[in-house]
Every structure is written in C-alpha cells, then in structure tokens.
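Asker: Chain A is fixed; fit chain B onto it per the hints.
Protein chains: 2
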Amino acid sequence: MEKKQVIDCYNRIKPYIHNTPVLTSRLLNEIVGAELFFKCENFQRMGAFKMRGATNAILQLSEEQRQKGVVTHSSGNFAQALALAAQSLGVKAYIVMPSSAPQVKKNAVIGYGGDVVECEPTLQAREAAAKEIEINKGATFIHPSNDNNVILGQGTACLELLEDYPELDIVFTPVGGGGLIAGTALAAHYFGTNCKVIGGEPFEADDAYRSLISGQIESNETTNTIADGLKTQLGDKNFPIIQQYVDRIIRVTEEEIVSAMQLIWERMKIIIEPSSAVAFAAILKEKASFQNMKIGVIISGGNVELNNLPFTR
Amino acid sequence: MEKKQVIDCYNRIKPYIHNTPVLTSRLLNEIVGAELFFKCENFQRMGAFKMRGATNAILQLSEEQRQKGVVTHSSGNFAQALALAAQSLGVKAYIVMPSSAPQVKKNAVIGYGGDVVECEPTLQAREAAAKEIEINKGATFIHPSNDNNVILGQGTACLELLEDYPELDIVFTPVGGGGLIAGTALAAHYFGTNCKVIGGEPFEADDAYRSLISGQIESNETTNTIADGLKTQLGDKNFPIIQQYVDRIIRVTEEEIVSAMQLIWERMKIIIEPSSAVAFAAILKEKASFQNMKIGVIISGGNVELNNLPFTR
Chain A
1 MEKKQVIDCY NRIKPYIHNT PVLTSRLLNE IVGAELFFKC ENFQRMGAFK
51 MRGATNAILQ LSEEQRQKGV VTHSSGNFAQ ALALAAQSLG VKAYIVMPSS
101 APQVKKNAVI GYGGDVVECE PTLQAREAAA KEIEINKGAT FIHPSNDNNV
151 ILGQGTACLE LLEDYPELDI VFTPVGGGGL IAGTALAAHY FGTNCKVIGG
201 EPFEADDAYR SLISGQIESN ETTNTIADGL KTQLGDKNFP IIQQYVDRII
251 RVTEEEIVSA MQLIWERMKI IIEPSSAVAF AAILKEKASF QNMKIGVIIS
301 GGNVELNNLP FTR
Chain B
1 MEKKQVIDCY NRIKPYIHNT PVLTSRLLNE IVGAELFFKC ENFQRMGAFK
51 MRGATNAILQ LSEEQRQKGV VTHSSGNFAQ ALALAAQSLG VKAYIVMPSS
101 APQVKKNAVI GYGGDVVECE PTLQAREAAA KEIEINKGAT FIHPSNDNNV
151 ILGQGTACLE LLEDYPELDI VFTPVGGGGL IAGTALAAHY FGTNCKVIGG
201 EPFEADDAYR SLISGQIESN ETTNTIADGL KTQLGDKNFP IIQQYVDRII
251 RVTEEEIVSA MQLIWERMKI IIEPSSAVAF AAILKEKASF QNMKIGVIIS
301 GGNVELNNLP FTR
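From first to last, the protein sequence lines are chains A and B.
Quick note: the first sequence uses my numbering, first residue 1, plus one each step.
Quick note: the second sequence uses my numbering, first residue 1, plus one each step.
With the rest of the complex left out, here is chain A (with noise of 0.2 angstroms):
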C-alpha cells in the first residue's frame, strides 16, 4: 500500500478518533536504559486502537453498503470497536459472539448500540453465523485484523506518534492478529527516519514468529496465554506486509508479560491490558540490544476484567 493511502485514510478517520497522549516516565526510561515513548491507545474510545481500523474500514464503504450494515465475529476489542465506529456513523452493527462470552463483553458491545448475535463456541459456528448475516441482512463483513482498510486504521497510532517523535529509532507493537504491527510497519516505513519494527509476541501464541521464519503462514495449535487479544491468527493480507517492513519479533513467556504489565500500572499509573503488556516485555527482556535509543511503543489497549487481575506479591 501507499503513502498517499495512509495519509488518506488518517484524514478520513481522524474526526471519530482521539489523537491519544504520548506519556513518558523517567523511571523506565533508567530500568531499560532508552527513551520510551508510549502510544496510549488504552485512551482510545472504547479502550483500544481498534477503534482505528473500524473506523476506516465503515468510512470506505459506499451509501447502500452503509444502510445495510455491518457484521463482524470477535469477541474481543474489535467487537466494541465495530460497534461504536457503527453507532457514531449511523449504521447498523452486527456481531457475532460465542454464547461463552463474558456478559461483561456482550455487554459493552450493547452498551455501543451493535446487535449481539449468540453461536456455539466454534471457529465454524462463528463464520456461518456471520455469514448469514451477510446473506440475510446484506450486511458487508469486515474482519478484525485480515482487511487493507483496518491495516490502514491501525497504523494511523503510529503515524500520530511519529508526527510528535519524527527521530524514532524503533516502534514496538504486541502482534496478533496482524493487522496492528502491519499498519505500524507501513507508517514506520512512509513517515520514520529508518525508523525499525519490532514485534512482541507469547511464546504460547507464537504463529507470527514462527511464520517470519518458515516464509508462510503458521497456526498455533494451543493459544495458553494471559494476553487474549493476542491468540488470533496472521492472515494473507498483512502477512506479506509484515514480511516486508517488520525487522524481527520477540518472544516472551506468561510471566514476562505479567511483570511488564504490573510494572506500567505500578510505575506509569495506566491501565493496560495484558495484550500491551508484550511489546513492553519484548523491550525489557532484549533491552542490552536498544541502548540509548528513542523507541516508541503502541500500548494497544486497556480493557481488564479489575476483579479478575494477575498480580500478586
């Protein structure tokens, strides 16, 4: 994609979305011994940047598409995300939750006016429930992470970041689905001063890592990880973006991301989501190799469960 369709997309979204705060702390600055910069998309609407990308991804579509609505399967962040994008543009949202879902998430999506539709617990019940949907109501369906227009939404973060810190040497991201660290990769590459990419990822979700190497996409056969938004899978359209501009990923275990996690809401007095916590702990754990250097990173989200947190001491 181009530099000109990033710009773009930027303008399009930029009156539905928060220019977030970029936040600093002395304190980590010394414990990692580089100058951090933290995107706080946790400050987004809804409490993640995924408000981003449904928003671009409504925007680009045409009249009759809009009156007929929207449809997506999440039960995560791009759930709200879809549904709040939806409300504030005036079209109908349709999303597709497991029937286990927490109350509290079915909840939030209402709470944002979408329309909750329950499916067995199973990838096959997802899609066809979504695709009926389609089919039935004529609603387009936009994936979470898998979709050149969300790409695009997400890496407008980065490109904020970069308009207040042109000179950064590196950018972090959590890696997920994709759709963040191929965004960020793209306005790294257009608005950076060979400015890198790295990713953080579980070691218990590590299909991004592992795809980087063998050349195609890799699935993981157990997601085991504290970081829930982070266990879905690369897709075909920002794989090959991540091949291209990300310059490597960094793996981390469950009890990285909970000591990265509890050191940000200790020391930066922030709510972020376990999902965030991993670029963080990507930086601590490999912190010999970024010395003295200026490195943004995309706190992607913040949206906990408070009466179910991991911290103990």
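It should be emphasised that the hints constitute simulated quantities derived from the structure, not laboratory data.
C-beta atoms are modelled at their ideal positions from N, C-alpha and C, and glycine is treated no differently.
Warning: the hint list may mix true and false statements.
Claimed, not checked - Estimated spans, in silico, between C-beta atoms of each pair:
(1) Ser99/B - Glu30/A: 29 to 39 angstroms
(2) Lys285/A - Asn19/B: 31 to 41 angstroms
(3) Asn292/A - Pro21/B: 18 to 28 angstroms
(4) Lys285/A - Ile110/B: 23 to 33 angstroms
(5) Pro121/B - Glu167/A: 49 to 59 angstroms
Answerer: Using the frame of chain A, we list chain B on its own:
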C-alpha cells in the same frame, strides 16, 4: 499569602517536578453533564502531588539546614515525597514511620533514599521520634500539610491547570490534612477567572466540613475510610486559607468513593487512589448543580496496592 509567593514557588520547583498531563473523557463528560479536566498528579514523580510541596519546603531551607537534613512523620505519600525530593536535592531525609506500616511503604521510602525510623504506632510516639531526630541530628521538621511552603507547593498543580484552561468555573480537590485544598484555593484565587474551589471529603473523616461550619478546627473521632490519605487533620496554617477561599465541601460515602474510583479506572484507564476518587465522587453526587460548567479535578495520586483492590462486580 500573596500572588508573588505562588509564582516564585512555581519557578523554584519547576525543574524538579513534572508538569503533569490533563486528561479528558467524553464519556465522563456525558455522565456528569459538564466538561471535566483531570489534572493527573497520579503521573507526578513518586505518584502524587505531595512531591510539589516537599520540594518547595526543602528548597526554602538555608544551606546549613540542608546539610543537616529534614525529618517528617508519615506513612503515606508525603513520606515518599520528602524522601525523593530530598534525594533529588542531595539532602538527607529521616522518615518516622509506625512499625505497623506495610513493608511495601517502608521499601518505597528506602528506594527513594530515605532513612526510615520506626516507632510505636501512636501519634505521641511519632511526634517524639521526630523531635528526637530534630534535636540529635539538627534536622528540620517538615509537616506534610500544615506548612506554608508545603501549601504553596501543592497549589502549583492548580496553577498549571489554570495555565492550560484559564476558564474553569470550579476546581475540585479531595480534603485531608488541608494542604492541597488550601494551595489550590490560593492558586484559583490568584490565577482563575472567578474560579471556585470545592472539596470532596469522606463522611467517615469529615473534620474539614464540620470545621467550616463551627468556625474552629474539629477532630475526627474515628476515620474508617478507604481514602487513607484523607484521615489526617486540618491545621492552623491551612484552615484560615480554607475558610477564606474555599466555596464549600461535599461529603461522600464509602460506596460513592469506590464507585467513582471504579468509573475512572474503567473509563479513563488510569490508576487513581481512593483519596483521589473522593473529589470526583463529590461531583457525581451533586452533578445537577454543575451542568454545562467547566470543571477541573485534581487527581491527587495513584499509589495503590494492586493486590488489594476494592472492586467487585
């Protein structure tokens, strides 16, 4: 105290403190029906506004006094603030803490280079231990809230807020020992445009509310509040300022405090301590009076124990 004193104080402490960000939330604005501007002192160095007053108090000492160090008694944020401010300025800090204080709080003070002196957990023992250090070491005693230099320092958060948003109708703060609200009231008086100051106070420790009614400093017989920073007592330095410049105090229940805290955690994705939630709880409680106003809120701090949170669902 005069306008010039506030300005001089700000210029003095500026190099040692953060000009903390001001956050807004579309959703909380909708809930309240007003425009809210949250001054995030939870992002201040050591996690609370107390850093401001502690820094100012030390900077006002003579060279000879600095060489002999400072002493306070506190088991809360002022203990950490005085330790860190002293460390930044190359001054020794003796912090008298009850032996019953949580080890994590003692460790925080030690981490900032403070010299923890343990004593029996009574007010007499604390005062006696501090007195002993004053006599034996020649250290200068600095009170956490009832000290003009501390009051001036605490007011600089409101000064920064009004620099960014000069049109605020009201600024809310929590009320504990009275240093923050007194300093805020001075800053609002000198730098606001008819800007009122209103305090939030727990029913369970409502000495300031009762003092304003009776016209003399009242005490709390018990202080069974989750807002542990607000258990302390008004003093003779800050009370006259509060009488003169504070509009009124709104009292809130423990349930209202926890619920306001949870709302900010969940919606703003920032970590605030229960004492900070008291100011926002006061706004929520009487929101009918504040429709369409521009309201500043001093988020006083973010030091909480993550393994002991009050949230349930």
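Asker: Each hint needs a verdict: does it hold in this structure or not?
Answerer: Evaluated hints:
no.	hint	verdict
1	Ser99/B - Glu30/A: 29 to 39 angstroms	holds, 31 angstroms
2	Lys285/A - Asn19/B: 31 to 41 angstroms	holds, 32 angstroms
3	Asn292/A - Pro21/B: 18 to 28 angstroms	holds, 25 angstroms
4	Lys285/A - Ile110/B: 23 to 33 angstroms	holds, 28 angstroms
5	Pro121/B - Glu167/A: 49 to 59 angstroms	holds, 52 angstroms
Going through the hint list in order, the structure satisfies each hint without exception.
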